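From first to last, the protein sequence lines are chains A and X. If you use full-length UniProt numbering, the first sequence corresponds to residues 1 to 347, in order. If you use full-length UniProt numbering, the second sequence corresponds to residues 1 to 347, in order.
No wet-lab data here; the hints were simulated from the structure. Only a predicted model underlies this, so the values are computations on that prediction, with no experimental measurement involved. Treat the hints with care, since some could be wrong.
Covered stretches of chain X, going by a simulated chain A footprint (3 or more residues, C-beta under 8 Å) [unchecked claim]:
1) 216-230
2) 243-256
3) 259-270
Note that the Cβ used here is the ideal one computed from N, Cα and C, for glycine as well.
Number of protein chains: 2
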Amino acid sequence: MPALATLTNHQIRLASRPVGLPTRANWQSTLEAVAEPVEGGVLLKTLALSLDPAMRGWMNEGKSYIPPVAIGEVMRAGGVGKVIASRNPQFAVGDYVSAGFGVQEYLTLVQADFKRSGLVKIDLSMGTLTQWLNVLGMPGMTGYFGLMDVGQPRAGETVVVSGAAGAVGQTVGQMAKIKGCRAVGIAGGQAKCDWVVKELGFDACIDYKAGPSAVKDGLKQHCPAGVDVYFDNVGGEILDTVLTRINRGARIIICGAISQYNNTTAVQGPKNYLSLLVNRARMEGIVVFDYADRYHLAVTEMAGYLKDGRMKSKEDVVKGLDAFPEALNKLFSGENFGKLVLQVAED
Amino acid sequence: MPALATLTNHQIRLASRPVGLPTRANWQSTLEAVAEPVEGGVLLKTLALSLDPAMRGWMNEGKSYIPPVAIGEVMRAGGVGKVIASRNPQFAVGDYVSAGFGVQEYLTLVQADFKRSGLVKIDLSMGTLTQWLNVLGMPGMTGYFGLMDVGQPRAGETVVVSGAAGAVGQTVGQMAKIKGCRAVGIAGGQAKCDWVVKELGFDACIDYKAGPSAVKDGLKQHCPAGVDVYFDNVGGEILDTVLTRINRGARIIICGAISQYNNTTAVQGPKNYLSLLVNRARMEGIVVFDYADRYHLAVTEMAGYLKDGRMKSKEDVVKGLDAFPEALNKLFSGENFGKLVLQVAED
Numbered sequence: 001m002p003a004l005a006t007l008t009n010h011q012i013r014l015a016s017r018p019v020g021l022p023t024r025a026n027w028q029s030t031l032e033a034v035a036e037p038v039e040g041g042v043l044l045k046t047l048a049l050s051l052d053p054a055m056r057g058w059m060n061e062g063k064s065y066i067p068p069v070a071i072g073e074v075m076r077a078g079g080v081g082k083v084i085a086s087r088n089p090q091f092a093v094g095d096y097v098s099a100g101f102g103v104q105e106y107l108t109l110v111q112a113d114f115k116r117s118g119l120v121k122i123d124l125s126m127g128t129l130t131q132w133l134n135v136l137g138m139p140g141m142t143g144y145f146g147l148m149d150v151g152q153p154r155a156g157e158t159v160v161v162s163g164a165a166g167a168v169g170q171t172v173g174q175m176a177k178i179k180g181c182r183a184v185g186i187a188g189g190q191a192k193c194d195w196v197v198k199e200l201g202f203d204a205c206i207d208y209k210a211g212p213s214a215v216k217d218g219l220k221q222h223c224p225a226g227v228d229v230y231f232d233n234v235g236g237e238i239l240d241t242v243l244t245r246i247n248r249g250a251r252i253i254i255c256g257a258i259s260q261y262n263n264t265t266a267v268q269g270p271k272n273y274l275s276l277l278v279n280r281a282r283m284e285g286i287v288v289f290d291y292a293d294r295y296h297l298a299v300t301e302m303a304g305y306l307k308d309g310r311m312k313s314k315e316d317v318v319k320g321l322d323a324f325p326e327a328l329n330k331l332f333s334g335e336n337f338g339k340l341v342l343q344v345a346e347d
Numbered sequence: 001m002p003a004l005a006t007l008t009n010h011q012i013r014l015a016s017r018p019v020g021l022p023t024r025a026n027w028q029s030t031l032e033a034v035a036e037p038v039e040g041g042v043l044l045k046t047l048a049l050s051l052d053p054a055m056r057g058w059m060n061e062g063k064s065y066i067p068p069v070a071i072g073e074v075m076r077a078g079g080v081g082k083v084i085a086s087r088n089p090q091f092a093v094g095d096y097v098s099a100g101f102g103v104q105e106y107l108t109l110v111q112a113d114f115k116r117s118g119l120v121k122i123d124l125s126m127g128t129l130t131q132w133l134n135v136l137g138m139p140g141m142t143g144y145f146g147l148m149d150v151g152q153p154r155a156g157e158t159v160v161v162s163g164a165a166g167a168v169g170q171t172v173g174q175m176a177k178i179k180g181c182r183a184v185g186i187a188g189g190q191a192k193c194d195w196v197v198k199e200l201g202f203d204a205c206i207d208y209k210a211g212p213s214a215v216k217d218g219l220k221q222h223c224p225a226g227v228d229v230y231f232d233n234v235g236g237e238i239l240d241t242v243l244t245r246i247n248r249g250a251r252i253i254i255c256g257a258i259s260q261y262n263n264t265t266a267v268q269g270p271k272n273y274l275s276l277l278v279n280r281a282r283m284e285g286i287v288v289f290d291y292a293d294r295y296h297l298a299v300t301e302m303a304g305y306l307k308d309g310r311m312k313s314k315e316d317v318v319k320g321l322d323a324f325p326e327a328l329n330k331l332f333s334g335e336n337f338g339k340l341v342l343q344v345a346e347d
């Protein structure tokens, strides 16, 4: 390791709020000296960052479940990395950790900020670094608690999940199978659909790009007993189509609406929402942070499934901090195949 | 009573499916001989019919929570009336009953149809005939179980209800007050709002006709602690506006969407539905029939409130079977003031 004094921290900051799809012009690259940790603090090196649809929402002004990223601020991002200097007995140099790194190469934390930044050690015997950003990280926790707590699937029911090849979708479908449900994915492109069925073991996967009535026809074909649980990551037309196929007492988990995040017009509301009335069904939002005190339980459970092969994961790794702007946009074009990860440094 | 043989039954049948607001042309008036009851059956005289927003939905083709009224069929309607001939020991001439009368003057029932038509005796010591169509009838049951079972209000919370001066809204707001909540209504016109506050005891009522930002401003003013439960009878813009003011963990009961029932274009979906995500809130549909085995409990409870003055009711009574087509449309113009009832005959 070079002397800390010689390290510079490459950062990516939000330069302006995007209208529609973010562009390079919305980002600003900066270089800063790396600050040494003070008593009680740590210095972390970023190894990999999680790129998530929710980031698009953080770039907008206005009230949400967390404040927006301020103009000029380092872009918020969760990640995994390594302790490279420590003045805290809880953390040793070489420890692997998960934290809110931000899109930058280094993060110096004072002890008072450990909790806010979600700093925790991670155990690479439970999963790889990138799995700690996927099924064992925020997306996995979102899928797990959204499905189990809000969706409350019962064995034999049909669970449909959109964004099935994405980070959250992988977890939802595989957990549904493990809990004895029929799992039907919706994803973009035949390659993703094949992988979801052949590798992850979903019962079926509908390629929404296959034609204008692909989702409608696919649901009819692959959910002959209707839809009991729908885990929605996309909103828009797909949500509306699923609403026409739900069963009495169905549960719809509203996790995101990636089809709407770059809209420059109003969000498209689900025009078939009265299906909730006809079917005595419910639609409920989930924010993963609410389950923080139970993350460890889900991590332990799913690490077991990773180990015994009942659960698999796939990450789409893009290399280099500088690639961040284009990498992020892969989420919105649906270009990523698996959980999108930005590798910032080699371990 | 005249001899049964001389009675004719005046009926109103669905002649065609309306596009938009129903017109006279959608209805057909018929006269039939009254059939005498067979062994085990009864003959009922219609006294009053309940006119409800849901009727508009029954006139459309297509799957819903109950089949549509067929073309040529007597229009479906719940009502109250009197037994005028009986060949069943459970029912005596002179008994008052509630049943699915249909829009007609007489109803002859065979015993096998008692259950399907919801035939039950009603006790006029618990409430008046029209109260049995209002707070003690389907609308009251809808308000009661929608609020209590789906909304699950806790004392101190803020409950908002649209269509506050209507049959369901009256029940919801008054039950909310009885359960220790802040009750805020939304209704059309100052007269209705004044009545909702002064007579029914709501804490406030917002006149949605008062201007384009009346609902937004009214919610800000009258729900300073946000909205915990929203009982939605109207859908459309009002639902969207309330979605911007809901609290963490809010419950939205989807009971109807009267603003959308006569649309000739697609239903307007709630474009602010992602507020469910931000606020970990839920939106859930209710159909009153699911609670049939507990109606008697709600009737007994609310009859007590009517008696001790904690609950009041208002009915808007239109007279004469022939007035049915125009009377029904009062619901959609918001012209009715209180639960809309069609009085078919004097007791």
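Hint check results:
Three residues within the 8 Å Cβ limit are the bar, and the stretch 216-230 of chain X against chain A gives 0, so the coverage statement is violated. A stretch counts as covered by a chain when three or more of its residues have a beta carbon under 8 Å from one of that chain; for the stretch 243-256 of chain X and chain A the count is 3, and the coverage holds. For the stretch 259-270 of chain X, the stated coverage by chain A holds: 6 residues have a C-beta nearer than 8 Å to a C-beta of that chain, and at least 3 were required.
The structure fails hint 1 only (numbered hints given earlier).
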